[in-house]
Structure formats: structure tokens, C-alpha cells
Amino acid sequence: MDLEIYDKTEKGVSEKDQKLIRDVLNFAGSFIHLADNTEMSVTLVNNDEIHKINQQYRGVDRATDVISFAIEDEADDDFPIVMDEALKESIPENIGDIFVSVDKVAEQADYLGHSFERELGFLCVHGFLHLNGYDHMKKADADI
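For the sequence shown, the positions run 1 to 144 when the numbering used here is used.
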């Protein structure tokens, strides 16, 4: 998986925490058998920025911990392009973008009594699963 991480926070997120994000998302990708040619991004922001994103795209007037924007690909029938499997596998598939508020990560980790790293990893995987069509409102998906 090709994973881009963008740090838009003022304080900066450590290389160690960025490695954690890569590690947990690569593990999650292998767990759900994600294709190797998959692309996605994680953007780390503060509460003010995620609040603006929520207002603009969701009509929600508050900061949330994570937002996922999945890229919905068209069905194969919609684009009757003939290509062999090798060519198809060589074209990257962008599944979308995740935005995580590091302010919320810290707040929730403190409130829940666990580490910043645990909360960061959890929220990244949570957003990742949404990008891949999982919905915690469905029992079978919530079990994942």
C-alpha cells in the first residue's frame, strides 16, 4: 500500500508516531487482503482544522476525532475498458483520505486512560475501515 502522511499540525507529529500509523494501516490492509497497488492518505490536523472540514463537508459544527473521505470507484461495467490483469494491477487504486485531529487523540487518550499512541492507532484504523466500506453500525462489520 502506498500511504502518504501529511502533518498539518503546528507542533508536528513525531516520526515514531508516523511510523506507528504506517505500521497499523499496513497491518490492517493485510488483514482485509487489500491490494498492493492501493493508495491512500492520512492528514494530521488540529481541532480547528477538523472543525472547518466538518462544517464544510458534513454540516457538523464541532471538531471530531477522525473523518474519512472514501473515493467511490465506478463499477467495472461502467467503464468497459479492456485490459489484462497485469495492467489492471499496475494501476494504483486510490481509496481515499483520512483526517485525524491530534488534539482529539490527546483528549480522548487522557479521558479513556490509555496512551496517545493507542488512540492514534485506533482512530487511524477506524478511519481506514470506513474507507474500505466497513460500518460499525452493522454487527458483522463492528466485529472487525
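Warning: the hint list may mix true and false statements.
[What the hints assert, rightly or not] Label-pair ranges, simulated between beta-carbon atoms:
| id | residue 1 | residue 2 | range |
| --- | --- | --- | --- |
| 1 | Glu85 | Gly12 | 39 to 47 angstroms |
| 2 | Asn46 | Ile91 | 32 to 40 angstroms |
| 3 | Ser14 | Gly59 | 20 to 28 angstroms |
| 4 | Ile32 | Ala86 | 33 to 41 angstroms |
| 5 | Leu87 | Arg22 | 42 to 50 angstroms |
| 6 | His114 | Tyr6 | 19 to 27 angstroms |
[What the hints assert, rightly or not] Lysine-lysine pairs mimicking PhoX-like chemistry, simulated, CA-CA at most 25 angstroms apart:
| id | residue 1 | residue 2 |
| --- | --- | --- |
| 7 | Lys104 | Lys52 |
| 8 | Lys8 | Lys52 |
| 9 | Lys16 | Lys104 |
| 10 | Lys104 | Lys19 |
| 11 | Lys104 | Lys11 |
| 12 | Lys8 | Lys19 |
| 13 | Lys104 | Lys8 |
| 14 | Lys11 | Lys52 |
FYI, nobody ran anything at the bench for these hints, they're computed from the structure. Nothing here was measured: the structure is a model prediction, and the numbers come from that model. Just so you know, even glycine gets a beta-carbon here, dropped at the ideal spot from N, CA and C.
How the hints compare with the structure:
1. Glu85 / Gly12: 39 to 47 angstroms: holds (42 angstroms)
2. Asn46 / Ile91: 32 to 40 angstroms: Holds: the Cβ-Cβ distance is about 35 angstroms, inside 32 to 40 angstroms.
3. Ser14 / Gly59: 20 to 28 angstroms: violated (34 angstroms)
4. Ile32 / Ala86: 33 to 41 angstroms: violated (23 angstroms)
5. Leu87 / Arg22: 42 to 50 angstroms: violated (28 angstroms)
6. His114 / Tyr6: 19 to 27 angstroms: holds (25 angstroms)
7. Lys104 / Lys52: holds (14 angstroms)
8. Lys8 / Lys52: holds (14 angstroms)
9. Lys16 / Lys104: holds (19 angstroms)
10. Lys104 / Lys19: holds (19 angstroms)
11. Lys104 / Lys11: holds (14 angstroms)
12. Lys8 / Lys19: holds (16 angstroms)
13. Lys104 / Lys8: Given pair Lys104, Lys8 holds - Cα atoms ~14 angstroms apart, limit 25 angstroms.
14. Lys11 / Lys52: holds (19 angstroms)
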